[in-house]
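Colleague: Take a look at the letters that make up each chain.
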Amino acid sequence: GEDVEQSLFLSVREGDSSVINCTYTDSSSTYLYWYKQEPGAGLQLLTYIFSNMDMKQDQRLTVLLNKKDKHLSLRIADTQTGDSAIYFCAEILSGSARQLTFGSGTQLTVLP
Amino acid sequence: GAVVSQHPSRVICKSGTSVKIECRSLDFQATTMFWYRQFPKQSLMLMATSNEGSKATYEQGVEKDKFLINHASLTLSTLTVTSAHPEDSSFYICSAREVAADTQYFGPGTRLTVL
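Taken in order, these protein sequences are the chains called A and B.
Under our numbering, the first residue of the first sequence carries the number 8, and numbering increases by one thereafter.
Under our numbering, the first residue of the second sequence carries the number 3, and numbering increases by one thereafter.
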């Protein structure tokens, strides 16, 4: 079945860049997403990339997509303590329901 | 971006009672809404897909008679946990799909605690 995988933890120093990686399995995914979840809160859509794109940049966020390897990454430049959260990648399954399949989430900890 | 609200944000109830959670899309119409459940330090588990004006589609293993979903309008879906038990305690999150952007926007979640 479909599966989205992420490493569980990442720690970086404030001011450094963070790179969160994700692998997915559904090659027919049209959109891939990155969501941020702070403690006790819902999910905030950070950015998304269409499957025919290789890269998308939005201020401090850069998304890279390698369709051949089914690998997605999120780079956060100049990481701040406020970026500490859980980051989920997600893909939309092919099909009319447009359901999201989430990765396990990566806990990003930014150290001062 | 589009805003989705949930109400209540937290609820504590006694075992055996029913709890209703509302999910509203505030500035867009959502023909499809999704209900998720999230256990501590885990990812989101899709419970059901709710389509306006029709019956919800439940994921395997989710009891439709226990988790009643109603999507009566393009901006409101409700999840009712019937005869709640302590094992139903969880964080419930809804999302609403904005058709134009083919993007799901999430509510802030509802923390349910069943005593």
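Just so you know, the hints here were simulated from the structure itself, not pulled from any lab data.
The C-beta atom is built at its ideal place from N, Cα and C for all residues, glycine as well.
Where hints are given, some of them may not hold.
[Unchecked claim] Below 27 Å or equal to it, Euclidean Cα-Cα: the simulated DSS-like pairs (lysine-lysine) are:
id, chain 1, residue 1, chain 2, residue 2
1, B, Lys43, B, Lys22
2, A, Lys75, A, Lys43
3, B, Lys57, A, Lys43
4, B, Lys66, A, Lys77
5, A, Lys63, A, Lys43
6, A, Lys75, A, Lys63
[To be verified] Okay, the calculated bits of chain B under chain A, using three or more residues with CB under 8 Å as the criterion:
id, segment
7, 16-30
8, 63-69
9, 106-112
Colleague: Name the hints, by number, that the structure is in violation of.
Modeller: Going through the list in order, the structure violates hints 3, 4, 7 and 8 and respects the others.
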